[in-house]
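Q: Protein chains in written order, with this note's numbering: chain H, 65 to 714; chain P, 65 to 714.
Worth flagging that the hints you see were computed from the coordinates, not collected in a lab. Small disclaimer: the values here were computed from a predicted structure and weren't measured. Some hints could be false.
One copy or two, either will do: identical chains are not told apart, so a pair holds if it fits within one copy or between any two.
Said to hold, decoys possible - List of simulated lysine-lysine pairs, DSSO-like, C-alpha gap at most 30 Å:
id : residue 1 : residue 2
1  : K669      : K264
2  : K198      : K668
3  : K350      : K539
4  : K346      : K563
5  : K147      : K111
6  : K250      : K379
7  : K78       : K401
Read off the chains here:
2 protein chains.
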Amino acid sequence: MTTEFTIRFLPHNKEISVAEGDTLIRAAIEAGVHVNASCGGEGVCGKCRVIVEEGSLEGGISEKLSAEDQEQGYRLACQSLIKSDLVVRIPVESEVDASVLNMQATPRCTARIQEMDLEELKEKGLFVPPVEKKYLELPEPNAQDNLADVTRLVSYLKANYHEHRLDVDLPVIRKIPDVLRQDDFKITATLARPVHEISKTRIINVKPGDTTNRNFAIAMDIGTTTIYGQVIDLISGRVLSQHGEFNGQISYGEDVISRIVFAEKPGGLAKLQEVVIKTINKVIEKIVKRAKIDPDEISTITLAGNTTMTQLLLKVNPSYIRRSPYVPASTLYPPIKAVDLGMALGDHVTALVYPAISSYVGGDIVAGVMGSGMYRTDALTLFMDIGTNAEIVIGNKDWLACAAASAGPAFEGGGVKFGMRATKGAIEDFSLDPLTFEPMNMTIDNVRPKGICGSGLITIVATLFEMGVIDNQGKFNPDLETTRIRQDDGVYEYVLAWKDETQIDRDVVLTEIDIENLIRAKGAMYSGTMTLLSEVGMSVQDIEKIILAGGFGSYVDLEKAMTIGLLPETDPDKVVFVGNGSLMGAKMSSLTNRIRKDVVEVTKKMTNFELSETPSYMDNYVAALFLPHTDLNNFPKLKARLESRKTMLQ
Amino acid sequence: MTTEFTIRFLPHNKEISVAEGDTLIRAAIEAGVHVNASCGGEGVCGKCRVIVEEGSLEGGISEKLSAEDQEQGYRLACQSLIKSDLVVRIPVESEVDASVLNMQATPRCTARIQEMDLEELKEKGLFVPPVEKKYLELPEPNAQDNLADVTRLVSYLKANYHEHRLDVDLPVIRKIPDVLRQDDFKITATLARPVHEISKTRIINVKPGDTTNRNFAIAMDIGTTTIYGQVIDLISGRVLSQHGEFNGQISYGEDVISRIVFAEKPGGLAKLQEVVIKTINKVIEKIVKRAKIDPDEISTITLAGNTTMTQLLLKVNPSYIRRSPYVPASTLYPPIKAVDLGMALGDHVTALVYPAISSYVGGDIVAGVMGSGMYRTDALTLFMDIGTNAEIVIGNKDWLACAAASAGPAFEGGGVKFGMRATKGAIEDFSLDPLTFEPMNMTIDNVRPKGICGSGLITIVATLFEMGVIDNQGKFNPDLETTRIRQDDGVYEYVLAWKDETQIDRDVVLTEIDIENLIRAKGAMYSGTMTLLSEVGMSVQDIEKIILAGGFGSYVDLEKAMTIGLLPETDPDKVVFVGNGSLMGAKMSSLTNRIRKDVVEVTKKMTNFELSETPSYMDNYVAALFLPHTDLNNFPKLKARLESRKTMLQ
């Protein structure tokens with residue numbers, strides 16, 4: 065249990081609860097309180113000076129503060145660890161400063177994280193692992209009873225467990241003669257339950273002795289960039305370990321299109337399949353080791369990925385995915401022996417691959433819909449997976465519609481001059497002094513900035529827009545009195561951090577071109593949502609719940625995402641974040657056959673809209689190429705803030 | 065159509081119909097007429113002199129005949145090709161000769177060969193190939209209709225052919241994108257029909273264009289010694305080609321026990337599997353070439369073999385087959401991808417392996433039971449597969465019981481001094497001059513003798529017994545006046561051919577030890593039959609039909625086999641020969657799913673008796689270690705012949 069303390073910021077008079085040991089600057093940004101800070105929180109710029117009026121801290125003293133400053137209670141916010149309730153004053157130059165500061169930026173607001181509730185799953189009958197182990201003490205054969213080994217096993221299960229419909233896999237037939245005789249015909253049999261009642265239970269493995277307490281599954285997300293895997297304990301339902309590795313295919317192309325192009329070369333498809341399996345095996349090795357289990361104790365694996373990743377994994381030519389009219393080879397895939405795909409797992413393991421909907425709404429999205437429980441709710445839900453290829457699903461338990469929008473790589477740091485993945489040194493949070501336009505940069509791991517990650521980009525652009533630094537077309541106001549706005553080669557840019565405050569010995573800037581790219585990305589996303597809504601005769605107001613999935617969604621500031629018009633403006637409480645929806649769905653399928661059965665129905669139910677073939681899409685897209693949108697009336701809260709700010713500054 | 069001629073032999077006055085071009089000596093042996101002949105029919109001993117009294121021949125003239133002889137009508141029977149009806153006199157020394165000859169040996173009598181009747185199969189609904197091809201012209205995709213390729217195919221089959229339950233194999237998913245686009249979405253789909261109505265039809269292959277008229281299957285018998293394969297046209301039901309190769313495993317042991325011993329060595333099992341697949345692939349290559357088809361046009365393969373051969377084929381440790389209480393790994397085997405076993409066939413081909421009953425009643429016997437139709441008849445039927453391991457099945461459509469008797473290798477030429485397989489130079493037929501005890505040896509391909517094959521051995525021993533040369537314990541009568549009976553190293557033997565009449569520059573003899581071995585072999589077989597009959601409360605008189613299967617059964621002289629007590633004495637018309645029952649059953653399964661379904665029921669229905677665990681077996685066995693048996697009353701016809709002969713010679 066973590067102890068929480070209350071921090072009150074003056075002159076704003078904003079209070080926030082934070083955990084013991086957090087830095088004061090993180091508390092400020094959570095509260096929406098601006099403190100100048102250029103160095104990302106590393107403590108070298110010395111700008112984040114605050115005065116501690118009540119309570120005690122650890123640290124915060126630096127050579128950047130004179131002895132006099134220190135005596136007056138000045139501390140560096142980024143170096144101060146919270147150890148008690150505090151009252152902290154942000155130094156301002158004037159009363160105007162204080163009042164402007166006081167009205168500005170919304171507090172940081174991220175989505176509630178929706179996690180799987182095991183107890184709820186059990187209650188709803190959704191915890192029925194597809195693979196079950198039984199310990200059996202079989203009678204030993206003798207001259208009067210010399211049934212075949214398999215017949216002995218099957219008859220015993222029939223007589224003692226009413227298992228009347230059993231199939232036996234060849235690997236079991238291969239193992240059974242020796243396994244039976246290793247421990248006096250005491251064995252543990254692994255039974256794979258059928259997804260459909262009409263089908264048979266399969267005996268997939270036999271081991272000597274009692275191993276019923278060791279039954280594990282692997283869930284895996286085959287991402288274009290990263291492959292994540294989890295080991296799941298099928299008895300407790302808990303995740304025992306997790307690990308991600310960059311998809312080895314990256315060397316053959318960053319995005320799905322370049323992978324497809326590579327796959328079209330002679331030997332390319334086989335190469336990409338080989339390479340993804342290599343990464344998968346690396347992940348398996350790591351998670352199995354971390355979970356302290358033997359790879360042979362894995363009973364099943366479920367994988368989800370986008371349509372291209374899935375076809376490459378299964379060595380299915382993806383060529384027609386990238387060519388109009390964008391036809392995938394299949395949506396459903398049969399269960400496949402993991403060893404046949406080259407996976408370093410036992411020969412008893414069947415790999416289940418999530419079905420896809422279309423070329424650009426893949427198994428990762430279906431997995432997200434299944435894992436998030438969206439397909440079981442009454443509430444009209446908007447599911448968004450934000451990434452290079454942004455996928456949108458709208459619906460509930462009765463109907464589902466989906467579409468994919470090509471957002472481009474801006475959300476993942478691509479097409480942005482200093483864009484980078486959300487790793488150490490990426491500016492992930494930002495605020496702006498409304499009078500001096502000095503920034504507050506917070507980086508991942510509190511080191512000097514190297515670049516900007518996706519969630520940082522959204523916050524920066526939203527803040528610049530709300531503070532009037534850029535207009536609703538993303539163009540800089542050249543009249544502001546700050547050296548941070550400048551022109552380079554005819555392109556306006558904002559200097560986030562000066563050369564000597566960065567790790568890269570160059571100024572870290574945000575250019576108008578970067579902003580244009582972001583606007584196009586969010587425009588694709590938003591207009592996709594609007595098009596889908598109008599196709600099904602709904603509007604933003606009908607949405608009862610928003611589920612965000614995807615790599616960057618957990619840290620994104622919801623208010624900021626609404627400010628730029630990435631998300632429709634709504635009550636942030638309606639928004640939940642499920643993280644890696646693909647992985648979550650894969651995990652759910654490992655835990656219950658019910659999902660494996662339902663997913664086929666969901667796949668049939670989900671209507672795919674090709675945005676490029678939907679006439680209203682282009683209009684919606686053009687209208688969305690503004691901050692937040694041509695029609696500000698759909699963003700009433702933002703509209704009110706912008707008007708209040710205008711009034712304030714007049 | 066062959067022309068038939070009638071040959072009348074004098075002084076016996078026996079008539080027989082033979083085909084144009086047959087040799088006179090073959091006609092004689094068929095008729096049960098003795099002519100001295102030592103050289104197997106090669107024409108070098110010059111002993112088979114006959115006088116042609118009416119009709120014309122081709123050949124028959126030899127330097128062994130003087131000009132005078134020739135003028136008198138003498139010909140060498142083995143060199144005379146029949147071209148018309150004939151009257152032929154066998155020269156005898158006296159009236160006694162003539163009368164004795166006249167009463168002796170029964171005419172050659174082999175079993176009627178039962179072949180598959182396609183028309184009957186069709187009438188009975190037993191010609192429903194498990195694999196079907198459909199030519200389809202699919203609509204091409206466009207922007208408004210961009211269904212996945214597989215969905216397009218499945219939807220089309222659903223809409224146009226009411227195929228509502230379809231599964232699609234991964235290889236089809238891999239092929240479909242390119243195949244569809246090769247010939248404007250005109251394709252031929254291969255559908256594998258389920259054995260059980262409850263299961264789904266699987267789409268196993270797709271090809272561009274219309275290939276519906278090319279649909280083939282392979283049936284294969286995996287024998288311990290020889291692997292036979294057939295290509296079957298699934299449209300006409302006809303066998304297009306057939307070929308046998310020695311099982312490559314022979315290098316690792318002649319019989320199943322030595323193979324099992326080898327499989328127990330490190331790497332042994334894998335080696336034997338690899339080697340049998342190599343032979344299988346050799347057979348496939350040959351039969352596919354002979355049938356003038358492409359290996360990729362094969363849609364399915366069915367294999368049958370004994371339990372050990374089956375386990376080795378599937379790489380299942382056979383160790384416990386040879387150890388008490390003789391437990392096989394499994395009786396049923398799941399369908400397996402042919403490529404997974406290493407077979408040189410398309411990845412769409414599923415290999416179906418015939419189920420076994422027990423360690424020594426294997427899939428070859430089950431295949432025989434299925435192929436012969438025994439399991440569908442009302443008549444009480446005795447099925448015997450005669451070989452080293454002799455298997456016996458008794459029953460009809462309501463019940464089936466089986467047992468295996470270890471006969472030893474005598475029937476296949478093993479444990480017999482000059483025993484050999486039924487190949488060129490093996491004495492396969494024999495008769496004896498009842499006064500001079502001179503032999504008539506007929507060899508395969510009419511060349512000088514090299515040894516004795518199984519059917520020859522039976523005929524020789526039966527003849528020696530009936531002629532009083534050996535007694536009912538197989539012991540030679542040392543008082544007979546002939547140099548052909550002699551002792552060598554204390555063991556009596558009969559000289560079949562003198563050194564200079566053979567190919568091997570040694571006398572070819574039959575020893576008392578050889579006869580003992582044959583008696584043990586036939587004793588095991590007969591007592592197995594008797595034991596099984598008594599266990600089910602039946603007797604020999606209840607048997608309405610006997611089905612002989614196995615490599616040597618086609619040529620065996622039924623009356624001779626009854627004379628030695630290998631078969632119960634019965635009307636030879638009740639006996640049919642099905643040849644390679646294993647191959648026949650495999651072929652039947654290729655032609656119809658009905659058999660594939662029935663076989664599981666048959667397997668369940670068939671009760672296995674372990675003879676070693678059946679108390680009456682040993683008594684039956686000891687009683688059967690005589691010619692034909694301790695109790696001659698079960699062989700009334702033979703008894704009558706023996707008595708008549710006794711009277712004649714008195």
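Q: Between K78 and K401, at a C-alpha cutoff of 30 Å, which is it: within one copy, between copies, both, or neither?
A: neither (58 Å within a copy, 69 Å between copies)
Q: Up to 30 Å between alpha-carbons, please classify K669 paired with K264: within, between, both or neither.
A: Result: close both inside a copy and across copies, 26 Å intra and 22 Å inter.
Q: If the cutoff is 30 Å on CA atoms, where do K250 and K379 land: within, between, both or neither? Let me know, please.
A: Answer is between: at 23 Å across copies they meet the 30 Å cutoff, but 40 Å inside does not.
Q: At 30 Å max between alpha carbons, let me know whether K198 reaches K668 within a copy, between copies, both or neither.
A: between (35 Å within a copy, 25 Å between copies)
Q: Pop the pair K147 and K111 into one bin, within, between, both or neither, using alpha-carbon distances up to 30 Å.
A: within (22 Å within a copy, 122 Å between copies)
Q: Given identical chains, is K350 near K539, meaning Cα to Cα at most 30 Å, within a copy, between copies, both, or neither?
A: Classified as neither: same-chain Cα gap 47 Å, cross-chain 77 Å, threshold 30 Å.
Q: Please sort K346 with K563 into within, between, both or neither, judging by C-alpha distance up to 30 Å.
A: neither (39 Å within a copy, 73 Å between copies)
Checked against the numbered hints above, the structure violates hints 3, 4 and 7; every other hint is satisfied.
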